[in-house]
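Novice: Residue numbers (this note's numbering), protein chains in the order written: chain A, 125 to 316; chain B, 125 to 316.
Simulated from the structure, these hints should not be mistaken for laboratory data. C-beta: ideal position from N, C-alpha, C; glycine also. Some clues are possibly wrong.
[As the list claims (entries may be wrong)] If you want a taste of the chain A side facing chain B, the calculated C-beta under 10 Å gives, among others:
1. 126
2. 142
3. 186
[As the list claims (entries may be wrong)] To list a few chain B residues with every Cβ distance to chain A over 10 Å, as calculated:
4. 139
5. 149
6. 163
There are 2 protein chains.
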Amino acid sequence: MANCIFTLIGGMAGNWKVLSMVSVAGAPLEKVPRIAVLEGDCPLPMTGAQWRLRGVTSYERYVTRAERNLLTAVQPGLGRAEATCAALIPIRKSARWWELPQDERRALFETRSGHIRMGLEYLPAVARRLYHSRDLGEPFDFLTWFEYAPSHEMAFDELVAKLRRSEEWNYVEREIDIRLVRDDGAPTAPLV
Amino acid sequence: MANCIFTLIGGMAGNWKVLSMVSVAGAPLEKVPRIAVLEGDCPLPMTGAQWRLRGVTSYERYVTRAERNLLTAVQPGLGRAEATCAALIPIRKSARWWELPQDERRALFETRSGHIRMGLEYLPAVARRLYHSRDLGEPFDFLTWFEYAPSHEMAFDELVAKLRRSEEWNYVEREIDIRLVRDDGAPTAPLV
Chain A
125 MANCIFTLIG GMAGNWKVLS MVSVAGAPLE KVPRIAVLEG DCPLPMTGAQ WRLRGVTSYE
185 RYVTRAERNL LTAVQPGLGR AEATCAALIP IRKSARWWEL PQDERRALFE TRSGHIRMGL
245 EYLPAVARRL YHSRDLGEPF DFLTWFEYAP SHEMAFDELV AKLRRSEEWN YVEREIDIRL
305 VRDDGAPTAP LV
Chain B
125 MANCIFTLIG GMAGNWKVLS MVSVAGAPLE KVPRIAVLEG DCPLPMTGAQ WRLRGVTSYE
185 RYVTRAERNL LTAVQPGLGR AEATCAALIP IRKSARWWEL PQDERRALFE TRSGHIRMGL
245 EYLPAVARRL YHSRDLGEPF DFLTWFEYAP SHEMAFDELV AKLRRSEEWN YVEREIDIRL
305 VRDDGAPTAP LV
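Could you put together the complete structure from these sequences and hints?
Specialist: Structure, rendered in structure tokens:
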């Protein structure tokens with residue numbers, strides 16, 4: 125996917141209604157009723173918004189060719205009609221993680237934590253997009269975004285729980301779990 | 125090294141005097157007499173400047189632990205008194221490069237092109253810093269910066285020539301080779 129910047133605005137407007145916001149680790153994020161996902165580098169609206177998070181759809185940092193082939197065979201795109209549930213999980217990893225060389229981060233991420241192979245078990249139920257934020261100087265390193273049908277919510281919860289028990293998660297120092305439901309009849313007026 | 129954003133301004137001011145600017149591949153960059161390297165995300169000055177390039181000192185994308193150990197044992201820092209020569213080589217790689225999975229980029233970068241092992245042969249003569257620009261939506265993916273003593277200029281030229289002959293360079297679609305000399309008595313007034 126090409127490098128595109130996106131802005132996620134937490135506030136009164138947007139097509140995603142917030143059902144819950146749980147601070148899993150580190151400082152919380154101010155609670156908001158809605159989230160808007162906007163293409164481009166957008167400013168925080170003057171009214172009706174509490175926070176803004178930005179991220180870039182960028183190149184893959186760990187996936188091998190073999191893993192890519194497995195993933196592309198089964199992973200769905202965003203915006204499926206039945207996938208009315210979403211999760212936004214912003215994550216920041218520790219300085220200790222980023223100081224590791226590439227081979228050790230890869231070993232932690234996949235060989236020891238099975239991040240990719242665990243995720244594969246939940247495809248095509250869960251669609252996924254990763255926004256990279258670290259190089260933008262944002263408060264989180266990644267904004268992880270997932271979409272799934274209501275009938276797959278328990279499966280998604282199971283995936284998230286497995287990842288949180290993995291060795292990789294020892295390096296997660298801030299994580300907010302935000303659950304959303306699509307609501308296309310949302311008010312958009314405050315977003316000015 | 126921590127994530128820090130830097131701004132490089134091409135114009136009338138700055139401690140680095142431009143000796144030459146050669147467009148190796150792709151569109152040229154406007155010729156300027158001086159370059160200023162500033163910490164932070166700085167705006168393009170209203171007067172006396174032609175262009176601004178930004179980049180972030182970020183985590184390592186390809187280096188293994190073994191390579192890191194070899195590098196840290198011999199690599200010098202920036203700002204050595206004798207290293208009065210510098211080169212700024214902004215580089216953009218092709219979409220084909222960024223679409224490759226991590227294992228294939230790593231294989232091209234090191235196994236087949238020897239980027240790290242070639243660079244090691246020129247240490248500690250050449251100090252190096254890499255600024256990452258791709259996720260910032262900049263015109264280049266990287267700003268590569270080198271500092272060396274005048275007596276090591278030929279060695280540096282040899283290193284650059286070897287890299288340009290490597291398979292990795294088939295994926296370089298824009299490259300400007302800017303050579304500089306330190307000049308601390310530079311005028312800084314126009315940088316407002």
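Novice: For each hint, tell me whether it holds in the structure or not.
Specialist: Hints versus structure:
1. For residue 126 (chain A), the suggested interface contact is upheld, since its CB lies about 8 Å from the closest CB of chain B, less than 10 Å.
2. With a cut of 10 Å, the hint placing residue 142 (chain A) at the interface with chain B is violated, because the nearest CB-to-CB distance is about 27 Å.
3. At about 6 Å, the closest approach between the beta carbon of residue 186 (chain A) and any beta carbon in chain B falls short of 10 Å, and the interface hint on this residue holds.
4. For residue 139 (chain B), the condition that its CB be more than 10 Å from all CB atoms of chain A holds, with the nearest at approximately 25 Å.
5. At roughly 20 Å, the least C-beta separation between residue 149 (chain B) and chain A is larger than 10 Å, which holds for a residue marked as non-interface.
6. With a least CB separation of 13 Å from chain A, residue 163 (chain B) remains clear of the 10 Å interface cut-off, as annotated.
The structure is inconsistent with hint 2 alone, although it conforms to all the rest.
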